[in-house]
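Undergrad: Sequence:
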Amino acid sequence: MLPTEAIAAIADELAAAERDRRTIPLLTARYPGMTVADSYAVQNEWRRRGVASGRKPVGRKIGLTSKVMQAATGITEPDYGAIFADMVYDNGSVIEHGRFANVRIEVELAFVLCAPVDGPGATIFDVLRATEYVVPALEILSSRIDLPGRTIVDTISDNAAMGGMVYGGNPVRPSDIDLRWVCALLYRNETIEESGVAAAVLNHPATGVAWLANKLGEHGDRLDAGEIVLAGSFTRPLWVEQGDTILADYGPMGTISCRFA
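The sequence shown begins at 1 in the UniProt record's numbering and counts up one residue at a time.
Quick caveat, the hints were computed from the structure, so don't treat them as lab data.
Keep in mind it's a predicted model, so treat the numbers as computed, not measured.
Think of the CB as a built atom: it goes at the ideal place given N, C-alpha and C, for glycine as much as any other residue.
Hints may be right or wrong, so weigh each one.
[Claimed, not checked] Derived DEER-like restraints, expressed as beta-carbon distance ranges:
hint: 1; residue 1: R49; residue 2: A29; range: 43 to 53 Å
hint: 2; residue 1: R173; residue 2: T123; range: 31 to 41 Å
hint: 3; residue 1: G98; residue 2: V51; range: 18 to 28 Å
hint: 4; residue 1: N44; residue 2: W181; range: 29 to 39 Å
hint: 5; residue 1: N203; residue 2: Y133; range: 13 to 23 Å
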């Protein structure tokens, strides 16, 4: 494990990078022995400091849920990060592009919980019982660490590249729809760029939420009622430039959009 002072120093760097809207050099280049456990320690310290400064935690995000992305990062399981209230945008929002770094968009489903999900031992059925509704969402990826050569250790430390999220469309109860077959078309400036089906997320998007509950349970934490959980992308990340308008069409679940000013 990295010394406590090194974890604190990295958390300080990442907080400053977010505040100053810049990137920092690769952590793996400066801390070659850094592990996944070290990365989560950095992320937890960064999150703790955010809460202490007055930021309100509202949920979690899950990343690296597809086999392709796991192979690209050399890891065999998903990762996760924190969502604060100031990261959440309504459908149709105009969003400042410069707030983020290396901006990309992913298409996801968000689970809104009405009951806690405790691990270890949580199952997909526990997640579905605890879910009040599922709603379309876009995740805004923001990488505050230089991208070339970036590894899973860098990504987890950087709050799993969570920048923000947009949600909207038609909320549905999980019992009213086959979540595996939720499909979406992703448009940038009226041109279709990506499409996908939610089963690409670990065969069922609720599987990732159960994984997260079990992972948190290993550390004495849990998913609580009222939390929003971004379940993972079922499209490739789409690069976004200043001035771009993004729209995702989820068919019967409606559309969500945003513009990057």
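Undergrad: Against each hint, give a clear statement of whether it holds in the structure.
TA: The hints, checked one at a time:
no. : hint                      : result
1   : R49 <-> A29: 43 to 53 Å   : violated (24 Å)
2   : R173 <-> T123: 31 to 41 Å : violated (18 Å)
3   : G98 <-> V51: 18 to 28 Å   : holds (25 Å)
4   : N44 <-> W181: 29 to 39 Å  : holds (36 Å)
5   : N203 <-> Y133: 13 to 23 Å : holds (21 Å)
This entry does not satisfy hints 1, 2, going by the numbered hints stated previously.
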